[in-house]
Amino acid sequence: MEYFIYSLSLLVIYVGLAQLMHVQFGLLGIPNFGVVGFWGAGMYLTGVFNVSLNMPILLSILAATAIVSLVAWALGRMILDRSGQAILCATLAFSSIIGVLVISEKWLTNGVRGLGTIRYPFASSDFAELGFAIFILSVVIAIFYVSIRLRDSRLGRVLLSIRDNEELAASLGKDTSGTKRLIFALTCGVMAFLGGLSAPLKQFLVPYLLSPTVTFTVWIALVLGGKGHSFGSIVGVVLTVGMFDILIETYLPLPPEYAATIQNLKLFFYGFLLVAVIMFRPAGFLGAGRMGAKPKHATSTTKQEAAS
Amino acid sequence: MTYAKTVSSQKSTWGSEMLNVTNLNSGYGEIGVLNDVTFDVKDEVFAVLGSNGAGKTTLLKTLALLLPTSQGRITLKDADITQMPAHLASAHGLAYVPQEGNLFPALSVMENLRIGGRTGSRPMDEKLDDVFTLFPRLKDRTHQQAGSLSGGEGQMLAVGRAMMQEPKLLLLDEPSAGLSPLFVDILFESIKEAREKRGMTIVLAEQNAVKAIEIADRILVLSLGEIHLLKERKNLEMKDITAAYHI
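So the protein lines, in turn, are chains E and A. Residue numbering for the first sequence follows this note's numbering, starting at 1 and increasing by one per position. Residue numbering for the second sequence follows this note's numbering, starting at 1001 and increasing by one per position.
Where hints are given, some of them may not hold.
Said to hold, decoys possible - Partial selection, computed: residues in chain E whose CB lies under 7 Å from chain A:
{"no.": "1", "residue": "L155"}
{"no.": "2", "residue": "R157"}
{"no.": "3", "residue": "S161"}
Unchecked claim - Selected chain A positions facing chain E (Cβ under 10 Å, derived; list incomplete):
{"no.": "4", "residue": "L1094"}
{"no.": "5", "residue": "V1097"}
{"no.": "6", "residue": "G1101"}
{"no.": "7", "residue": "N1102"}
{"no.": "8", "residue": "E1111"}
{"no.": "9", "residue": "R1118"}
{"no.": "10", "residue": "S1121"}
It is worth saying that the hints were derived from the structure and are not from the lab. All C-beta atoms in this analysis are idealised placements derived from N, C-alpha and C, irrespective of residue type, glycine included.
So here's chain E without its partners, still in its complex pose (with noise of 0.2 Å):
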C-alpha cells in the first residue's frame, strides 16, 4: 500500500511536470529541455535546507522554489529571445549544470554519497503518506485548474499570440520578452515546488535522481497526450509512467530475469508510440484542442471566394 502510494504520487508530480510544459511550450512555444534542472534543483535545494539548515520542509520547498524562479528569470532573460534551438540547447545545458553542480559541490550535497533522511510533513501521524500524496494531488489540480483559466483568458490569448507570431504579437503592444520571462519563471518555479515535493518522496537524494530521463518522460508524455490539450499530460504519463514505471514493471508477476528486458522494451514501446503518434495523430492522442486544430472550413471558405 505504502509503495503505492508513493508510485502514485510520483505519477501525479510527472502529470504536474507535463502539464507546466504544456504551458511553457504548448501555449507559449517555449521548447524547454531543462525540466529535470528545475525540479531537481527544487527538490535538492529543499533537501540542503531540511537536512542541513534543519528548516521545516514546507519552508524548505518554499524557500528552493523562490530560488529557482529567480534563477529562472535570470537564466530567461539570457536565452528566451533567442531561437526555439538555442532555447533547447540552453536549457538542457542548464539541467546539466545543475547535475554537475549536485556532484560537485560535496559541501553542500554530500555529492554521490547522497542527502538525506528528508521526512514527510507531520512525518509522526498515521496517514502521514496519504496526506502528503492528497497534498501532491491538490496541487496539481491547482496547476490544472490555473493552466485551463490561463488559457482561455487574456493573457492566454497574448500566450498564444506569441506562440505563433512574436514579431506580430510586439507590433500590437505586446511585451513579449516580458510576459515569456514572467512565465518561464512562474512555471520553473512550480516545477521546482514539485521537485521540492517530491524530496519527502525519495527521501534520500542521490545525483543519479536527476538524470535526462526525466526532461525526456515529460516531453514524450506531451507529445504523447497532444502538447496543445489541457488534458494531454494526464493521457501522456499514463500511457507512459503509468504503464511502465508503476503498472508493468511494479506490479505485473514478472520473473526478476525479466527486469532488463522490460527496461529495453520500455524504450522500445515509447519510440514506437512516438512514431506511431507523429505519423497518425501528429497533435497527440487528445489532438491539439481549439488552440491550433486544423481549419475546418479552409477549403469551404476558398471555394467561396473564388466563386465571388
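Chain A: place on chain E using the hints.
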C-alpha cells in the same frame, strides 16, 4: 549629393509632419539593405513602390521598430522612437500590417480583432462595429479560426485589427499581394475610408503600382535600398516608375 538628401527639404501641402526618417540604414545582421534613406511623411497616404528586393518590406519593418536601425533616426510626431522597443510603438499610435504572417491562426476572428483593440480611447464595441461595417464578411465569421480564412478575408482581418489599434500612422506592407481583383478593390476602398473617415496617415508599400498611385498623395520609389524618386502624384509620370523598375 544623393536624391535622398534633396527630398527632405520638399514642402508638402498635407498638414503637419507625422513621421520623419533621417539617414536611415537598416538590414538583417551583417547584410545592409537600406542605405541613407531620408524622407518625411505628412498627414497623407504615402506610397512606397519598388521592384522585388528594393527594400520596401525592410523599410516598413524598420519603421515598425521590428528591425534595428544601424544608423539614422526615426521620429514620430517629433518623438524620437529609433531605439524604442517594438511593443511600445503601438502606444505611440503606430500600427503595422506585415505582408505575410499577419494573423494569429489559432485565435478566432473576434480574438484577433480584440487583441489589437486594447490601445486607443474609443470603446472596443464601437471599434468592432466600425470594422464590421467596413468588412461585413468578417462579422459572419467572428468565431471561425483565423487560420481557416481565405487569403482575402485574412487580409481584411489583418487590416481590421490594425484599425482596432486606432493608429495615427498605419504601415501596410503589400496588402494586395496574392488577392483576386475583387478583394484588391475592397481592400483599397477600406484604406481610402480609413484615411478619409478616421484621418489615419498611411504608409503603403505596394507591388501593385497602379492601385497604389490611385490613392496616394505622394509616391516614393525605392531601388536597391536607396530612394530613386519621391514625387507628388500630380507631378508623377509613369516613365519615372518604369525607369525605377528597370534599374
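To see whether the hints hold, each was checked on the structure:
About 11 Å separates the beta-carbon of L155(E) from the nearest beta-carbon of chain A, more than 7 Å, and the hint is not met. Look at R157(E): its Cβ gets to within about 6 Å of chain A, closer than 7 Å, so that hint holds up. Hint on S161(E) holds. Least Cβ distance to chain A is approximately 5 Å, under the 7 Å limit. With a least beta-carbon distance of about 8 Å to chain E, the hint placing L1094(A) at the interface is held under the 10 Å criterion.
The restraint placing V1097(A) at the interface with chain E holds, with a minimum CB-CB distance near 9 Å, inside the 10 Å limit. A least Cβ separation of about 5 Å between G1101(A) and chain E falls short of the 10 Å threshold, and the interface hint therefore holds. Interface hint status for N1102(A): upheld, as the beta-carbon distance to the closest one in chain E is roughly 6 Å, under 10 Å. Annotation: interface hint on E1111(A) holds; nearest CB of chain E at approximately 6 Å, less than 10 Å.
The beta carbon of R1118(A) is positioned within 10 Å of a beta carbon in chain E (closest approach about 7 Å), and the interface hint is therefore held. Among the interface hints, the one on S1121(A) is violated; its C-beta lies about 14 Å from the nearest C-beta in chain E, farther than the 10 Å criterion.
Consistency note: the structure conflicts with the earlier hints numbered 1 and 10.
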